[in-house]
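Assemble chains C, S and Y onto chain D, guided by the hints.
Protein sequences appear in the order of chains D, C, S and Y.
Using the UniProt record's numbering, the first residue of the first sequence is number 1, and each one after it goes up by one.
Using the UniProt record's numbering, the first residue of the second sequence is number 1, and each one after it goes up by one.
Using the UniProt record's numbering, the first residue of the third sequence is number 1, and each one after it goes up by one.
Using the UniProt record's numbering, the first residue of the fourth sequence is number 1, and each one after it goes up by one.
Simulated from the structure, these hints should not be mistaken for laboratory data.
Each hint should be verified, as a subset may be incorrect.
Copies of one chain are not kept apart here, so a pair can be met inside one copy or by any two copies together.
With a Cα cut of at most 25 Å, we get these calculated SDA-like pairs of lysine to any residue [as the list claims (entries may be wrong)]:
hint, residue 1, residue 2
1, K58, D165
2, K5, Y32
3, K237, R213
4, K303, F119
5, K58, D246
6, K86, Y202
7, K86, Q65
Each chain, letter by letter, is given below.
4 protein chains.
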Amino acid sequence: MGEIKNIAVLTSGGDSPGMNAGIRAVVRAGIYHGLNMFGVKRGYDGLVNGDIIPMDAKSVANIIQRGGTILKTARSDEFRTYEGRKKAYENIKKLGIDALVVIGGDGTFTGASKFIEEFDIPIIGLPGTIDNDLAGTDFTIGYDTAINTVVDAVDKIRDTAESHDRLFVIEVMGRDSGLIALRSGISTGAEAVLIPELEVDYNAIMKRLDSTRKNKSSRIIIVAEGDDEGGLVVADKIKENFPHYDVRVSILGHIQRGGKPSCMDRVLASRLGVAAVEGLIAGRRGEMAGLIHGEVNFTPFSKAIKHIDKVNTNLTRIVEILSL
Amino acid sequence: MGEIKNIAVLTSGGDSPGMNAGIRAVVRAGIYHGLNMFGVKRGYDGLVNGDIIPMDAKSVANIIQRGGTILKTARSDEFRTYEGRKKAYENIKKLGIDALVVIGGDGTFTGASKFIEEFDIPIIGLPGTIDNDLAGTDFTIGYDTAINTVVDAVDKIRDTAESHDRLFVIEVMGRDSGLIALRSGISTGAEAVLIPELEVDYNAIMKRLDSTRKNKSSRIIIVAEGDDEGGLVVADKIKENFPHYDVRVSILGHIQRGGKPSCMDRVLASRLGVAAVEGLIAGRRGEMAGLIHGEVNFTPFSKAIKHIDKVNTNLTRIVEILSL
Amino acid sequence: MGEIKNIAVLTSGGDSPGMNAGIRAVVRAGIYHGLNMFGVKRGYDGLVNGDIIPMDAKSVANIIQRGGTILKTARSDEFRTYEGRKKAYENIKKLGIDALVVIGGDGTFTGASKFIEEFDIPIIGLPGTIDNDLAGTDFTIGYDTAINTVVDAVDKIRDTAESHDRLFVIEVMGRDSGLIALRSGISTGAEAVLIPELEVDYNAIMKRLDSTRKNKSSRIIIVAEGDDEGGLVVADKIKENFPHYDVRVSILGHIQRGGKPSCMDRVLASRLGVAAVEGLIAGRRGEMAGLIHGEVNFTPFSKAIKHIDKVNTNLTRIVEILSL
Amino acid sequence: MGEIKNIAVLTSGGDSPGMNAGIRAVVRAGIYHGLNMFGVKRGYDGLVNGDIIPMDAKSVANIIQRGGTILKTARSDEFRTYEGRKKAYENIKKLGIDALVVIGGDGTFTGASKFIEEFDIPIIGLPGTIDNDLAGTDFTIGYDTAINTVVDAVDKIRDTAESHDRLFVIEVMGRDSGLIALRSGISTGAEAVLIPELEVDYNAIMKRLDSTRKNKSSRIIIVAEGDDEGGLVVADKIKENFPHYDVRVSILGHIQRGGKPSCMDRVLASRLGVAAVEGLIAGRRGEMAGLIHGEVNFTPFSKAIKHIDKVNTNLTRIVEILSL
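In isolation and in its complexed conformation, chain D is listed as follows (with noise of 0.2 Å):
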């Protein structure tokens, strides 16, 4: 493997806040090294087809504090087939491409994992999802901010059910992780934070509910959406235990992704993006570049996968001794 000159960045998966920043790292890093920059559209659909423009410094100015991602993201079922990838690579060799970076999520990591099993593409990958579902790294990049977008949005609610002495189950986002739905539900002083990591011990949250009427009129359940049992199951189990309750749902939906980063969204995808580019210019590939305990580190994707924590129990007691 030859020197690296021209690289090329992308975003995959479902886009998260922060993304802006890191393409916009990726690329400055490069241009600050020497190197030629380049953008490809719509995650790895547009490196099957072809849709790779040049970037320079001034291609990224004033887009850190945007949501979304300028470079857009799709899912591409032609990536997934050897073929697809195939003509990827005949595209980037074209561009003279040497390297790639590439911000999104598991399934992001696991096509690049082929990719340079096949094709020995040196790439490196940065945690761009909101989930915070990865290893390697404390937090990905914009989970900060959908966290606060989901506290807001609590708070918000907090205030009609406040007014109205009600009920409600909140569903947030999280698949496969609670952790969108532990940390909020801390910021927003839920009664309860109902996630997929663990079983729902109704007995429990009723009893809670009950124990504390003296001292609230409104309640707040915080649901994961990946939990069995989502909003409006446990709305409903709720609603059969405590019929004297006025009890509501909100799903609080897509605007969980958008918006402006958070500052610590903004650092660490700044942070990471000049990290990936140098890790590929010092020879390192098929990482990805995460940061723990404060420190830029690099993770195989193989161990990056997909990890969910086993439930951080700190956590889950924190609700339940505040909830009082």
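Below, chains C, S and Y without anything else, positioned relative to chain D:
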């Protein structure tokens, strides 16, 4: 009817941001004019059950910026009966309360009208509802905040829609009125706005979606909840007609009621709260205080009650022209 | 003057949130009516220097939510000279531009008036300034966003003022007009508001501060920058009179111009942008499009130019009554 | 020292967002463990003057989302004297208070150390300061919110800087530490960040401003208030060297302390509040509870007190690389 010395204020119906600013203004204007002020908990329910507390200037300090209502709000079946209203009357007489200020919407004023008719209590109303569907005021307290909340949410969804080239159908509040939908639709560059006041012309929508394909990658369709079709039905129809679109639905729900009131809602509530008290002192009753063309105005409850404006065709034209 | 086929739009003077929504509306309304549209960079400076670009519907996509102005703005000394204006005229004639829409304030319309007088160019203006100091419109584009930004900042300062029992003097924008100060003062429960239109009565302020001591621990005094005294002077006088107060000063400064436009500013800019183009087509010129009592209105530049309303004593009364 | 039954909590020093979440966590964790809880008003001043109130679970309901501190904070000259501390000791003994949780920064812990030394009171500290300048915790309570407030303000100023092609010098908090400046600088794409820990190299700054002229129209320079030079001096130097720049200065000031705490600050305060109480129960004293690498940790006051990290050169490098 003698001189007014003691006034009670209550909030009723769905909560809206700015109700607290209204409560504060009523209480402080009363004290400024040398009156004794009271607060009723949970709307007419607190009136029936005698849940009434004295309020001084300090009791409303530092609430102008808070969503919801510190007095809480509730529906009261009892107040709908003559017996309930009689109990309410006896409660306020016991405390020497001469007059009421009621903050709410349509239903609130209907109840107030009955109460005046039977017990001759001076009452002035303030328009507190996010729907902006009352005659006698250009804007209701809470409307401006609610449309800003909607715009903020749709901006976030636009980020993700842009990143994925998706079409989002977003359902906003407005059971009988499309005003939230219309203004937020204009503000977010929505490609179409569906409101209860107008029949949906799917052909026109489909044509517009088609004709503007080259200019836009993402699409937003705003649907008022009161529209015949509802967000989910609209989404299904679009999928049928445009199978190639990646269509998603988002129902914004209860976040639209909460949050810090906007500057406009705080000023509106403050002005109307003062006007209500000074109106009572001046002998007014059975009227709603509103703001028309920047000036305080009083409208009899019978005329303020639920008035659906003919849809503002100036605004529907703007949607059509600007969603090129 | 023949039929209008080509219109250019520019922004001039201090930037205000909603200018981009105005540009978008002008460009799209023109295209909707079959015209060719152009954008001028950096206000009259770009006119003088021929920095003019064609604009299509896509060029204004996804800008409605952004603060500032994508066309930029600047002062142009050259345009104040006849030679400068002549160059400007030649530039637009070269491109076949028949008419202009100028978005700005007082100075912008003065320049436009001169230009019309000398070269008979049809021009319509939009009121784009945070100061709300123009006749011919109830609100200027940017004012609503600016007062919300001020309110948000003062709410934050109130948190810290409350925590420390401090008195804050906060200086807000408004060189000739106290409107930003007045509305934000009412909205944040300020104990006093000092504006250029009214002489400061320190005795009254001191008396109020004294008489309300038992109700309040923190105090906020809002000062418009155009007030004779200025925030720092006001703070010194208070310290002199109330040596026991812990007095702090905060000058909000440039944050007041930026940020995402509010829903109201976006709707206002959208409506007026469409009106400007349709006004030009209908033969109007030398007028500012404004919104009076909810309806579009046109006012000759000579009457729109810098009009300071007699101070709204309705609003000053509200400050006095509510700051008990 | 016997078993702990009664704990009092206080906030001291400059207020920081998240202090209320900390108070709530301390009070509820205490009640959860069967203790009696008290709150001290205005920091050590309330201890000296016996301004101490009992707190139950309800007294801390609905405060997790509020900026400032409901217990207020103040400087206490009296507590710096032995006599003052003796009065404080007598006050808490009178109420049977066995232990304290103090939330604040450097000065707060110095006072606590003295108090322990002389009167052998078990005290645990929580790091409550926006400056993030304490050893023994990766982040202090309030820091994350403060940097997000700064980023939001700078984003707004960037809008206006872009529109006018201006250079803004923005002064942010940080008397002894450049951490707020550094992270907010990276997050807002600042062209330079000046911090007290590093000498200013004007030549380098000027060179960078010059070399990047073609990529950028606006410039942001972030200056920590503790920097030798200060925002105004820096601005003057730049004007001298670059007379063609339109230079403006903005001093963000007190808005940086207020506002709703971020999710991260709420979770941090919640975890540490629980840890403080459980630490006291377990026999700990004279230590600050902090979070290091995601885990709760205790550091003796003597080591936590004002520790200025060697400047994080990882972060200064990022500013340089990305501000192309």
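Q. Which of the numbered hints above does this structure break?
A. 6 and 7
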